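Chains as they are written, first to last, in our numbering: chain C, 1076 to 1303; chain V, 50 to 499.
Keep in mind the hints are simulated off the structure, nothing from the lab. Don't take each hint at face value.
Just some of the chain C residues that point at chain V, by a computed CB distance under 7 Å [to be verified]:
(1) A1091
(2) A1092
(3) H1113
(4) G1118
(5) T1121
(6) T1124
(7) H1130
(8) Y1134
(9) M1138
(10) E1156
(11) N1157
(12) A1175
(13) G1179
(14) A1190
(15) I1194
(16) F1295
Straight-line C-alpha distance at most 27 Å; calculated DSSO-like pairs for lysine-lysine [claimed, not checked]:
(17) V:K133 to V:K207
(18) C:K1140 to V:K133
(19) V:K64 to V:K134
(20) V:K64 to V:K435
(21) V:K64 to V:K139
(22) C:K1262 to C:K1291
(23) C:K1140 to V:K139
(24) V:K435 to C:K1140
(25) V:K298 to V:K93
Predicted, not measured: the structure shown is a model, and the values here were computed from it. Backbone N, C-alpha and C fix where the C-beta goes; we use that ideal spot for every residue, glycine too.
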Amino acid sequence: MPTIDLATTPLRELNAALHRRAPDGGEVWRVLNPRGQHAVAAGIDTPVTVEVDGHVGYYCAGMNKQATVVVNGNAGPGVAENMMSGEVRVRGDASQAAGATGCGGLLVIDGNASARCGISMKGIEIVVKGSVGHLSAFMAQAGNLVVLGDAGEALGDSLYEAELYVRGEVKSLGADCIEKALGSEHKAVLVRLLNAAGVGNEIDVNSFRRYGSARKLYHFHMDNIGHY
Amino acid sequence: MSAGQDRWIHTPPRKSATFDDHAIAEIRRAAATGIYDIRGAGAKRRLPHFDDLLFLGASISRYPLEGYREKCVTEVTIGARHAKKPITLKIPITIAGMSFGSLSAQAKEALGRGASAVGTSTTTGDGGMTAEERESSKTLVYQVLPSRYGMNPDDLRKADAIEVVVGQGAKPGGGGMLLGQKISARVAAMRVLPEGIDQRSACRHPDWTGPYELEIKIHELREITDWEKPIYVKVGASRPYYDTALAVKAGADAIVLDGMQGGTAATQDVFIEHVGLPTLAAIRPAVQALQDLGLHREVQLIVSGGVRNGADVAKCLALGADAVSIGTAALIALGDNDPALEEEYRALGTTAGAYDDWHEGRDPAGITTQDPALAARLDPVIAGRKLANYLSVLTLETQTIARACGKSHIHNLEPEDLVALTVEAAAMARVPLAGTEWIPGEAGGAGPHA
């Protein structure tokens, strides 16, 4: 198992080495002493597994493709931003804009996520085992956000086609975000994502409420100006 | 009272300078529709501009270079500050970011063809990179915008440079709106949005705010691309000194500074005409910031917004820019607002030269549209050749002026080569009012040696 100690190895060398991995990948890398550095394991495009022992700064696993990145600590803003595929797991809490603009893959946060979790998400699937902050899923376009705890103010503001599932309390819904029926197809999505997050056996999918776009603001119209 | 004296009973009708025809028409339009006017292009009203400057040319104390004979270099290298692979352009005129979505695929291809033919770069836009523009553009700058529509690491790596867009001159502080009629199946798929809906582009980046986080964002982009690509930061002209300084501090290799005459695909008219600085007013503060940091020419400054001819290019460079960028002028070169289409413009309620409803997608020239039939009117090969011709003319004109000022490289043009025709332009460009040594706002007055 390759081990990189960021206390002695420059971040640039780590990322460059990960970018050079063969397309078939399959290795497990261990990264020590990240000490809040930014862009740890960013831009990987190979099915490698990277275990980061410690807290990371901004944009860990940014634009990830194929790789599995596990943060055994907390993550700063924009973890897994614009992720395309693969999997990112944060064992602690995540700061703002977790999974922002993500296009694919799975982001699992064992703790809480701060404000704007899933902002402008474009297909990523996010499971937060704790709670999410205000303006989560703002302008979210596609994908699923599953929150086992509570959601802050203005959840799903100006939402497009992303699906939001919250088990706890929602402080308030944002413009054009409404509660929708939880159908069998949605329960199947929840079962799949909860299993992927490792809590499939612990959580009853019927305890979630589903939110989505009312689609009333899809076309700009003066009559809707009060919503903005 | 004789008949001839009747006409003096009433004063002749007098229109208000304040409530002029345009203002009155806009009040009526607003009253009738209840919505503000949205349009494309940049500021249309009269602003202090490059026409308010003149070059002095050579004289006894300044030797000119022989036109057509002596070399006047136009090559510009961008991004050598931090990037492993800086880009070198043969001419100092680039093509500004314009999205596939606002423009047809044919128009994007034509821009790539024209720019590549003369050795300069094109830029993507809000909506991602199309295969056509990558293929047709030898040097392509990939924009990272707040919406992140079409953003992906593969295209990031395919790009020759990256441009983090903070704002644009037509609407500093504003986002965007691409109306549903331009959201075709292909545009919708690239942006991951339902087809035919009005698509908003955010005004702020989703994962960073402020200069400190911009620095971290730039660092991430460099890490993802292994520090190969030059990274630009584009700002709309509003606080050019501080925005330039902050972008440089954040690690930018180049600054793109877009004045309020710079175009947009669709924005409120009130925003276009009343927010931001004229291009002329923005250049010197930005150059001052680079000079104060000791990084003028090391961090390149690319200026856009209302550049039309080689004189405008030369004036930008003389004021301290390293290169310019054109958008509206490039579209005109492709065939936008062509008088040959006058009948069709009239059917749209406008006239050639004034057509700016680019957001409606009904462009008879096939440029600002996603209608397949209209878009097919634009031949990318022919339109690309026209753009190449135009870019060549801009370059030749720039060289003509530079040689006349005795410069063997276009970057040797300097403020000392310029005078201003108006007090306003003199103050903004920080060059003397013509015939005087007076630079408004600077110590000293009109001297005897003008």
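Evaluation of the provided hints:
{"no.": "1", "hint": "A1091", "result": "holds (5 Å)"}
{"no.": "2", "hint": "A1092", "result": "violated (10 Å)"}
{"no.": "3", "hint": "H1113", "result": "holds (5 Å)"}
{"no.": "4", "hint": "G1118", "result": "holds (3 Å)"}
{"no.": "5", "hint": "T1121", "result": "violated (12 Å)"}
{"no.": "6", "hint": "T1124", "result": "violated (19 Å)"}
{"no.": "7", "hint": "H1130", "result": "violated (15 Å)"}
{"no.": "8", "hint": "Y1134", "result": "holds (4 Å)"}
{"no.": "9", "hint": "M1138", "result": "holds (4 Å)"}
{"no.": "10", "hint": "E1156", "result": "holds (5 Å)"}
{"no.": "11", "hint": "N1157", "result": "holds (6 Å)"}
{"no.": "12", "hint": "A1175", "result": "holds (4 Å)"}
{"no.": "13", "hint": "G1179", "result": "violated (10 Å)"}
{"no.": "14", "hint": "A1190", "result": "violated (11 Å)"}
{"no.": "15", "hint": "I1194", "result": "holds (4 Å)"}
{"no.": "16", "hint": "F1295", "result": "holds (5 Å)"}
{"no.": "17", "hint": "V:K133 to V:K207", "result": "holds (15 Å)"}
{"no.": "18", "hint": "C:K1140 to V:K133", "result": "holds (24 Å)"}
{"no.": "19", "hint": "V:K64 to V:K134", "result": "violated (60 Å)"}
{"no.": "20", "hint": "V:K64 to V:K435", "result": "violated (43 Å)"}
{"no.": "21", "hint": "V:K64 to V:K139", "result": "violated (51 Å)"}
{"no.": "22", "hint": "C:K1262 to C:K1291", "result": "holds (25 Å)"}
{"no.": "23", "hint": "C:K1140 to V:K139", "result": "violated (36 Å)"}
{"no.": "24", "hint": "V:K435 to C:K1140", "result": "violated (41 Å)"}
{"no.": "25", "hint": "V:K298 to V:K93", "result": "violated (34 Å)"}
Hint compliance for this structure: hints 2, 5, 6, 7, 13, 14, 19, 20, 21, 23, 24, 25 are broken, all remaining hints hold.
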